[in-house]
Structures are given as structure tokens and as C-alpha cells.
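Trainee: Residues per chain, in single letters:
2 protein chains.
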Amino acid sequence: MNDNHQPDHTHDHEHKHRKQIVNRLSRIEGHLRAVKEMTADGRDCAEVLLQIAAVRKALDNAAKLLLKDHLESCVINAGSGDDRTKILDDLNKALDHFIR
Amino acid sequence: MNDNHQPDHTHDHEHKHRKQIVNRLSRIEGHLRAVKEMTADGRDCAEVLLQIAAVRKALDNAAKLLLKDHLESCVINAGSGDDRTKILDDLNKALDHFIR
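Here the protein sequences line up with chains G and Y, keeping their order. First residue of the first sequence? That's 1 in UniProt numbering, and the numbers climb one at a time after it. First residue of the second sequence? That's 1 in UniProt numbering, and the numbers climb one at a time after it.
Keep in mind the hints are simulated off the structure, nothing from the lab. Hints may contain errors.
All copies of an identical chain are treated as equivalent in the list; a pair is satisfied when it fits inside any one copy or across any two copies.
Claimed, not checked - In silico DSS-like pairs for lysine-lysine, Cα to Cα no more than 25 Å straight-line:
1) 36 x 93
2) 16 x 64
3) 86 x 36
4) 16 x 36
5) 68 x 19
6) 57 x 36
7) 57 x 68
8) 93 x 57
Whole structure, please, built from the sequences with the hints as guidance.
Mentor: Structure, rendered in C-alpha cells:
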């Protein structure tokens, strides 16, 4: 992943659910850590697979919330012209990775 | 999730890729932590969505490796009768959650 924190990529507005999304991602991180420990402990594969599926579902829900926030605050207020085109292009690319 | 470590749920054999799977899950955990920080920092939504999709893909690949290990070592050596039926039932349930 790209880890460069570029200031021009930050938002100048606040998202309604940002804190909630960060909290969800924290919980998912904890869940994933538990799954890793289950695997290291040699727990049943089917059980581990179920938990990985649960982590994936939780991730999808966090992404859905983020997407709804994004639609409400960024896309609707995107103005027009090049800015709007870029925002929609970026969003479409991200969706292509999500919905396969 | 169920966090009870029940000794009767551990395996009595070693999986070929267990250590590799644990390492992958560790890396995914680190990736997810970075995505959480991106979100907290207010980074662009489309960028965060792309990274969440990358985490999901990495999780799917870890699950696939686990499943292959499971097929090689547990399912093939499952013996017969009730044990085999339970192992296949559990695996089918896990797959139902994965492939939707």
C-alpha cells in the first residue's frame, strides 16, 4: 500500500461517521488478531475460516458506511468540472475493486 | 466470536502452511492498522476504500491457503463415518460463508 501521507489528499470537511468507522476498524483489527492466535494455536480450520468470513463481512460493512458518508459529503458537494470528474473516477475505481 | 480455547478443537497434526498463514494474518493486521490511521487522518475516501479492498483480497488469499492445507491434511485423512461427515459439514458451512 501507499503509505505517504500527502496533505493534499486530506479532506477539508468532516464526515458524519468518521469516528464510528475508525472504531469499527479497531474492533476488526482485534478480531483479526484473535483469528491469528486461533490459527497459531492450531484451531479447527473450518472454525478459522468462519471467523475470517466474519472479519470480511465486518470490513465490508465498514466500507459501506464509509461509502455512504463519501456519497453524502464529497460526491454531492463535488461542484463541477475536473474536480467532480476526478472524484467520480476515483470512486468508480474503488467500487470496481469492491464489487467483483 | 467464540473465544473459548477448547482442547478438543485443536488438531493433532501439523499443517504445512500454518506459520505462513499466521505471518500473512500479521501483515494484514498491520495493513488494517494503517487503513484505520488513514481514516482517522481524514484521507480520501476512494483511497481508503481501495485499501480496504486490498485487505479483503489479502484475507481471501490467506483463507484460500488455509483451505488448501485443510483439504490436504484434514479432509483427505478424515477416515470415515461420523468424523468424516462432521469435518465435511463444518467445511461446507464455512464455504457457504465465503462464497456467496
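Trainee: Give the relationship of residue 93 and residue 57 under a CA distance limit of 25 Å: within one copy only, between copies only, both, or neither.
Mentor: both (21 Å within a copy, 15 Å between copies)
Trainee: Should residue 68 paired with residue 19 be assigned to within, between, both, or neither, using CA atoms and 25 Å as the limit?
Mentor: For residue 68 and residue 19, the Cα distance is within 25 Å only inside one copy (14 Å; across copies 38 Å).
Trainee: Is it within, between, both or neither when you check residue 16 against residue 36 at 25 Å Cα-Cα?
Mentor: between (32 Å within a copy, 16 Å between copies)
Trainee: Should residue 16 paired with residue 64 be assigned to within, between, both, or neither, using CA atoms and 25 Å as the limit?
Mentor: Only inside one copy: residue 16 and residue 64 sit 14 Å apart there, 36 Å across copies, limit 25 Å.
Trainee: Given a CA cutoff of 25 Å, do residue 57 and residue 68 count as a within-copy pair, a between-copy pair, both, or neither?
Mentor: Both. Shortest intra-copy (17 Å) and inter-copy (22 Å) distances satisfy the 25 Å Cα cut-off.
Trainee: Using 25 Å as the alpha-carbon threshold, which applies to residue 86 and residue 36: within, between, both, or neither?
Mentor: So residue 86 and residue 36 pass the 25 Å test across copies only (24 Å; inside, 38 Å).
Trainee: At most 25 Å between C-alpha atoms: does residue 36 with residue 93 qualify within a copy, between copies, both, or neither?
Mentor: between (30 Å within a copy, 20 Å between copies)
Trainee: Checking residue 57 and residue 36: alpha-carbon separation at most 25 Å within a copy, between copies, both or neither?
Mentor: Close inside one copy (17 Å) and across copies (16 Å); limit 25 Å.
Checked against the numbered hints listed earlier, the structure breaks none of them; every hint is satisfied.
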